[in-house]
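The whole structure should be built from the sequences, with the hints applied where relevant.
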Amino acid sequence: MSGHVDEVAIMDAEQITRTLTRMAHEILEKNPCEPSLSIVGIHTRGAFLARRLRDQLADLSGVDIPFGEVDISFYRDDIGARGIGDIRETPHPVVKGTDLPFEIDDAVIVLVDDVLYTGRTIRAAVDAIFDFGRPAKIQLAVLVDRGHRELPIRPDYVGKNMPTALPEHVRVRLIEHDGRDEVVLERGGREEGEA
Amino acid sequence: MTKRDLLSMDDLTRTDVDLILDTAESFLPILQRDIKKVPTLRGRTIVSYFHEASTRTSSSFDLAAKRLSADTIALKKSGSAIEKGESLKDTILTLSAYSPDIIVMRHPSAGACRLAARYTPASVINAGDGKYQHPTQCLLDLFTLRQTFGRDLDGMKISIVGDILHSRVARSDIAGFQMMGMHVTLVGPPTMMPRDIESLGVAVEHDLSHLRTADVIYLLRIQRERMQAGANFLPSLREYARVWGIDRSRVRPGQKVMHPGPINRGVEISGEIADDPDTLILEQVEAGLSTRMAILYRTIVGYSDSASEEA
Amino acid sequence: MAGTATQRLWCKRAAKADLLVKGARVVDPTTGRDEVKDVLVTRGRIAAVGDDLEPGGSAAVRDADGCLLMPGFVDLHAHFRVPGGEDAEDLTSLTAAAAAGGYVAAFGMANTDPVVDNAALLEGLAQRAQAEATVPVGFHAAVTRGLQGEQLTEMVELATAGAVAFSDDGIPLRDADLLRKALQYASVTGRHIAVHAEDRSLTRKGVMHEGAVSARLGLAGMPSIAESIEVERALEVAAYEDARLHVCHVSTAAALEHLARFKERGVPVTAEVCPHHLTLTDEAVVTLDANVKMNPPLRPEADRAALVAALAEGLIDCVATDHAPHCADDKEVPFEEAPFGVIGLGTAFAILYAELVGDGAIDLLTLVDRMSSAPARIAGIPQPSIREGAEAGFCLFDPGDTWTVGRHTLHSRSQNSAWLGKELRGRVILTVAAGHVVWDAGA
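Chains as they are written, first to last, in this note's numbering: chain A, 14 to 208; chain B, 584 to 894; chain C, 813 to 1255.
For the record, the hints were derived by calculation from the structure and aren't laboratory data.
Note that beta-carbon positions come from the ideal geometry of N, C-alpha and C, so glycine has one too.
Treat the hints with caution; some may be incorrect.
[Unchecked claim] Taking CB as the label site, the calculated pair distances span: (1) B:S652 to A:A178: 35 to 41 Å; (2) C:Q963 to B:E669: 38 to 44 Å; (3) B:D673 to C:P926: 29 to 35 Å; (4) C:T1099 to B:E781: 19 to 25 Å.
Structure, rendered in structure tokens:
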């Protein structure tokens, strides 16, 4: 982290919870009586959000929905900082592993991430899922869409549309990982937690 | 971007080693899948240049590269310009003209990989140089130990038995085992024990009487050329097998046996022990694949950024 | 028959120097002088050593405040690579390198291609030296024809042609009877036999000293006993024959023990040591840089310290460089594949002054004796001296000048120096050999 960072609150804990509830309703509306509906979160915060959505969906529908996690480390397009787009040294942390403990073939998968930005993470996650089978559909749910897409990718469920300037950063913090729930807009500082 | 070479275990910190082994672990599920391949190194070129015979190391690296979707080409000594007297420098300059990302290299002379790294912008991975270093063997051995005994190897006792003098595996392993806090004892005939090797902080024994106290017995291959007339490292394989060979009577239950391969049945290891499911020899071969995938991956993406959780 | 009067050094003719060096610290073991003086050179001879000297006539004046002025150095052991190895060194480059190192005479070994084993070849070399060498050079002749270790060379004829001594250096004299006969026969010529003491059955394929470092690097070792066993055997033979023996490049404390024992008994033996063995240890090999590969190899600190002490007390008589040029293509290979040998003429004094005199391990007068007077005595040539009437053969050294070891400072055709790329403090800035200015850093 470098320099002074300005933070502007976008969502608080209550708003996050309400938004997720709304998104759960939308998912059920769009997939009525779908027996092969499943939820897959993208490491790290997407997976926590996916867990919460899964719980909400279970409450609403009374059905247990299969849940998985996907780690995109081995599918990134910027490995060795040579990807299309911004060329820079990006961090490559310890891989947490992909866990998809259900049949992928013909599944309807709701892929969950915290912030939608360039779309590259989603592209990588879709590639990763396809190495496990051929799903019937993949839908995309994100808590925040900050714009600036670099690939033809569009979310099916959006918690909040948040138009941003390029140098700004959207940071999602979750209790499970960061000790509190909030979404903030940062001006300055290092680009992190977005893709 | 600075180039990362893996030339010697001395180039790696404990953090680097842990990161490589953690990464190797994360590749294991991929190797269990139907599609055992990830696009990670798609479009990358990996050249293997083996100036010395090798089957398992070169095929293990080749498969690791393919599992990561890299393009691979292999240059072997026989039939190549090397046989026609091309110098190491010229070979490396020629290979570099293909703009490889990584050169995996084996050479009969110590330090050859370090020298090669000076002549190429590609990352150089040492797959064995002279009798000096074989860092990827050491890393896969550590991975095998970790998968068998858990992450904490501190205080464990390992005895390396055999021809220490001519073994690059022993030299890399001593460094790696000590890095993990293991106690290393070298065992072998005095003719095959380097003078002053104790300076590395290892114990030296010339017979197997203390072998029972070891948690792990690591056997080295006895090479037949050591028996050539005039070499006089050993009078005969028969005598070696009798004095230093490992058979059932010399292994205590629970003791694990490792060997970098290829094994000489009936020389350093009895067939019975070689086939015992308790030995880790096949685990080492398996570990070679995921460990070398991790090494290739880390060579491209780097070691130092493990602290960051964000991606 | 002794033939000491024959010429042993040859060089080109050049203009004799007229020069006044003012205010240098004159350090001369031949006179015992160590004081600030002016030195006047007229027509290549030292005309005066005194205070406030005036340049007569056309003499150039050189202000040498803070510099050392010493008798020029004599190298008993260099590999000229002439004939047959001119891609690595020739007499022009060799003498340029020697001049820049403060040397006023150097003697080549006979392991050239072809081997210096007959008088005609040696006479040819002397002629080449007269055409190419700026610094006077001389030549060893081989002990055995073609260095084959079988048949003695025509030593009397070779001595008459100007051979300084006899040596199969590079290859040990394996056969004790041969060594004995060589010592007997060479005594007729008044020349000594210089031996490369190495038991090759022990060094085998070794590439460095056998010890903790070779154990770590997995390199085949050359045990110290490979040298000491051979030194002792050669000393036994020389003692039995009471013949002049010179031991080349001593590198081990064990060999020194034998040397001390036999010197005490009055055996007419001399010995030399190389600058790299006095200043580097086998730890340097961890770089696997081919420029620290030589034979005998770098030894551990205990040996190095013993060599320094032996040089200081005179057990070792002199410093010799074992200057062994190899072109870059031959040294830019893995350590094990590289040839043995490093160059040394350009760096010898600067290194020894910085490392040994600077440390107080040896005093300056003694070091100059070991590099100039002692080797001259062994070679049977006049000792370079800073006294009136002597032929000018001296060098001027600026202890404060720093320089980087490289192509442009070494002047050799080869750059295989153990100090390549290093910055050294202290530099030879002027050399006068055989009355000629052969090196002037300011020119």
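Requested in this report: Could you say whether the range 35 to 41 Å given as a hint is met by the Cβ separation of B:S652 and A:A178?
Outcome: Distance hint for B:S652, A:A178 holds at roughly 36 Å.
Query raised in the report: CB of C:Q963 to CB of B:E669, is that within 38 to 44 Å?
Result: holds (40 Å)
Query - Satisfaction of the hinted span 19 to 25 Å by the C-beta atoms belonging to C:T1099 and B:E781 - result: Because 23 Å falls inside the window, the suggested range holds.
Query raised in the report: Is 29 to 35 Å a correct range for the gap between the Cβ atoms of B:D673 and C:P926?
Result: Holds - the Cβ-Cβ distance for B:D673 and C:P926, about 30 Å, lies within 29 to 35 Å.
Checked against the numbered hints listed earlier, the structure breaks none of them; every hint is satisfied.
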